[in-house]
Amino acid sequence: MSALVFERFSYSYPGSDRPALRELSLTVEPGEFVVCAGLSASGKSTLLRAASGLVPHFHGGEASGSVIVGGISTREHGPGGLAQVAGTLLQDPETQVVMQTVGAELAFPLENRGLSRAAVARGVEEIALTLSIATLLERPVDQLSGGELQRVALGAALAARPSLVLLDEPTSQLDPVSGDELIWILRRLNEEWGTAVLLAEHRLERCLAHADRVLVLSDGELVCDAPPREMLGWAGEHQPALQTPAARLFERAGLRPPPAGVKEARATLQSHGLLDPAAPLTAVEPERKPGRPRRPRRAQPAAQSALSCRGLSFDLPSGAAVLRGLDLSLQPGERTAVMGRNGAGKSTLLRILAGLQEPTEGKVSSEGRVALLMQNPGDYLIHERVDGEVGAEALAEFGLEDVAASHPRDISGGQRQRLALAIVLSGDRPSVVLLDEPTRGMDRAAKGDLIARLNALSAAGTAVLVATHDTELVAAVAERVLLLSGGRIVADAPTAEVLSGGWHFATETARVLGGQGQACTPEQGGALLRARMTIEAAP
Amino acid sequence: MNAGSNSTVLLRARSSVCALYGFALVAFALAFTHPLILLAVAAATFGAARLSGVQRQLRGAVRFAIPLALMLAVINGILIRDGVTVLWRFGELPPFGQLDLTGEAFAYGFLLALRVVVIIAATALLVAIVDPDDVLRRMRRSAFRSALTAALATRMIGVLTRDARRMDQARRCRPDAGGSGRRAQLLMVGSVAAGALDRAVDVAATLELRGYATRVAPPRGDILPYSRADRAVLAAALGLIALLCVGVGVGLAHFEPYPRITAITGATELLYAALIVLTALAAPLIGERGRRR
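So the sequences go chain by chain: A and B.
So for the first sequence, numbering that gives the first Met the number 0 puts the first residue at 0; every next one is plus one.
So for the second sequence, numbering that gives the first Met the number 0 puts the first residue at 0; every next one is plus one.
Source of the hints: derived by calculation from the structure; they are not laboratory data.
Quick reminder that beta carbons are idealized off the backbone N, C-alpha and C, glycines included.
Where hints are given, some of them may not hold.
Covered stretches of chain A, going by a simulated chain B footprint (3 or more residues, C-beta under 8 Å) [as the list claims (entries may be wrong)]:
{"id": "1", "region": "67-81"}
{"id": "2", "region": "91-101"}
{"id": "3", "region": "108-120"}
{"id": "4", "region": "182-191"}
{"id": "5", "region": "342-351"}
{"id": "6", "region": "366-378"}
Examples of chain A residues lying across from chain B (beta carbon under 10 Å, computed) [claimed, not checked]:
{"id": "7", "residue": "P55"}
{"id": "8", "residue": "A208"}
{"id": "9", "residue": "D211"}
Generate the whole structure from the sequences, applying the supplied hints.
Encoded structure:
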């Protein structure tokens with residue numbers, strides 16, 4: 000029996016005349032690891048909601064065709080009935096937990112199945128050990144970090160040992176380490192428990208190496224169903240925005256076939272003699288003159304800077320230090336990225352720089368207005384129509400004139416992000432723009448648009464500071480990277496040096512090339528490989 | 000609620016008996032206006048909170064209640080013209096007509112304020128001692144929709160507080176700070192409400208996905224016998240309910256605010272008030288002593 004079967008399934012949300020899914024037919028077999036890809040609004044989330052029974056039972060709307068999950072038809076059974084065969088994890092971890100403590104959260108789905116107290120206790124213990132959250136069992140859920148919360152939500156989805164697990168961008172709010180860990184956990188469950196996985200994800204480079212198959216949706220239709228390598232080949236011809244950085248690196252270097260992951264890419268490069276087998280996976284520290292150890296940049300005097308802060312500290316009411324004596328200076332037009340794991344203090348730093356929060360110690364000074372775009376663009380939208388938020392000129396500048404009459408909550412995620420940016424940039428030109436995780440849940444096309452906009456701002460003299468986990472964005476935008484850890488800046492260096500010198504805080508290109516040539520983007524890596532090919536080809 | 004093995008009797012007892020206990024205290028404050036009874040319920044409530052280690056939650060609730068209660072006292076004093084002890088005669092004041100400030104109206108206003116504070120404190124005690132997760136589990140088969148609503152409300156408080164804080168910060172990030180005046184405030188409220196609905200839908204979807212709607216019964220052998228803490232709190236709750244029924248039934252602690260304040264306060268009322276306090280505090284006191292032994 001297949002884990003999931005869609006047969007000519009079509010669906011339209013209530014009040015919508017455009018189908019979100021069209022004549023969809025696909026099968027996921029038991030034990031398969033399937034990735035669902037596609038641009039924003041292509042139908043990925045709707046597909047997962049249809050497989051979990053939320054569509055149409057919870058959302059309403061019109062559906063035709065059939066969806067069978069573990070032998071159970073979604074026509075006869077709603078999400079509750081399907082919960083025994085399919086576990087579901089949606090995007091926002093905050094709304095994915097419903098109980099007060101981690102232990103109660105993990106027990107909840109088991110209790111709902113009418114299991115005995117002993118069986119519930121055993122199930123909770125097993126899933127907690129499997130996901131390494133046993134130490135969290137007594138903790139209230141409102142004290143957990145985003146990564147911990149997402150892991151607990153995954154635990155609740157898996158507690159009843161479903162044969163199929165459905166995940167909608169589960170890593171979008173996690174730092175690279177937590178995101179990678181989550182994918183590895185899924186791989187392990189897939190291999191050890193034989194759980195079939197259907198995972199919708201924008202950052203394909205994170206999960207493609209683990210996938211057996213990739214489904215690509217476009218405008219609600221299944222346009223590609225192939226193994227990862229074949230899918231990347233297809234994407235190169237039909238939807239370049241879905242190519243992973245490693246695939247783009249190979250394309251730039253004129254190599255084929257595109258690799259599904261770092262390991263495969265390195266093997267191919269080694270077989271072509273383009274990568275020294277002994278080359279380290281991380282870059283070697285660049286040579287320096289003896290006796291001159293590298294020091295973090297000192298804050299410049301306020302008069303020369305667009306923004307500067309000295310001795311910035313911030314403590315929580317509990318006494319825990321979030322920031323400890325930070326010195327920072329941003330020059331006009333400078334593009335800087337702040338990186339660090341979840342809870343490192345990135346968002347706090349940005350809020351203090353924007354004047355939303357008072358530091359415990361230290362001072363911030365700026366040349367002009369400091370604009371801040373926070374993580375959730377929806378928080379900025381308070382009017383009933385898009386054109387109520389900003390003027391017609393700004394709408395045109397940000398390419399939003401077509402949706403001027405729409406409700407801000409009805410436009411796509413990328414459009415919402417642009418609208419929020421238009422709001423914070425309206426009025427006097429800011430001397431500094433701060434952005435907190437601006438690419439969360441964004442597809443590559445929308446990301447490209449944001450990158451162009453940030454580069455334009457910088458060219459006009461506005462300093463840009465981006466707090467992000469997205470290494471590809473950092474490589475494309477920033478010229479300088481600050482690495483935050485334990486409330487301190489532990490690295491302050493040019494982007495190429497930071498991103499090619501690590502593993503978690505490295506782009507896929509840098510990981511493929513082992514940091515060689517400090518190449519971080521597919522374009523830089525492609526140029527490096529082509530140069531090597533030329534040298535090798537020379538007599 | 001923290002119901003670990005080291006917690007107090009009211010926190011260890013099952014949620015159904017704790018809810019009964021909390022509701023009994025709230026019912027007293029709703030049923031009686033007599034100041035002595037209200038003070039007795041207040042003493043019982045704060046005493047139980049202190050013995051259970053949840054006095055912080057109560058203090059927070061009372062801080063929130065006091066401005067509301069004072070406002071009520073002042074409004075009653077100004078608008079109610081009953082009472083014979085005239086303190087100030089304003090004369091004709093359209094559209095209210097003849098406006099007299101009377102001692103009875105002010106005294107009754109402050110009594111109403113005390114009542115509001117006691118009701119809010121008793122409700123805060125109820126919220127602090129009842130485990131919402133347990134309520135969700137126990138109610139889902141008998142009152143699915145009520146349990147779903149209660150679960151959503153409980154879960155949403157934290158989520159919405161964080162949402163509102165973020166949205167306020169986003170408003171301050173706008174160059175015009177979101178505008179000013181009543182219209183800007185209304186826009187903000189509308190936006191928060193729309194966000195709350197979105198969030199509530201997401202949490203409700205999660206409940207569905209975890210199989211909440213299946214309403215499967217737990218195995219028969221899994222029903223736990225009543226513990227010592229359960230029995231102690233149940234006895235106190237039933238005692239309070241019996242006292243309430245007797246008090247209301249025989250018309251004890253009679254109180255009339257107008258035209259003159261009449262509050263019968265004899266030995267019966269004093270005994271009745273003492274019994275309320277003793278019955279309410281018996282469970283936490285006796286339960287703890289039994290546990291220490």
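Tested hints:
Given as covered by chain B, the region 67-81 of chain A passes the check, having 4 residues with a CB less than 8 Å from a CB of that chain where 3 are the minimum. Using a Cβ-Cβ cut-off of 8 Å, 9 residues of the region 91-101 of chain A lie near chain B, which meets the minimum of three, so the contact claim holds. With 8 residues having a Cβ less than 8 Å from any Cβ of chain B, the region 108-120 of chain A passes the three-residue criterion, so the hint holds. Residues of the region 182-191 of chain A lying with their CB closer than 8 Å to a CB of chain B number 0, which falls below the three-residue condition for coverage.
Remark: the region 342-351 of chain A is not confirmed as covered by chain B, as 1 of its residues place a Cβ nearer than 8 Å to a Cβ of that chain, below the required three. With a threshold of 8 Å between beta carbons, the proposed coverage of the region 366-378 of chain A by chain B holds, since 8 of its residues qualify and at least three are required. Below 10 Å, beta-carbon pairs count as interface contacts, and P55/A has none with chain B, the closest being about 13 Å; its hint is therefore violated. This hint is violated: A208/A has a C-beta 28 Å from the nearest C-beta of chain B, more than the 10 Å allowed.
For D211/A, the interface hint is violated, since its Cβ never comes within 10 Å of a Cβ in chain B; the closest pair sits about 25 Å apart.
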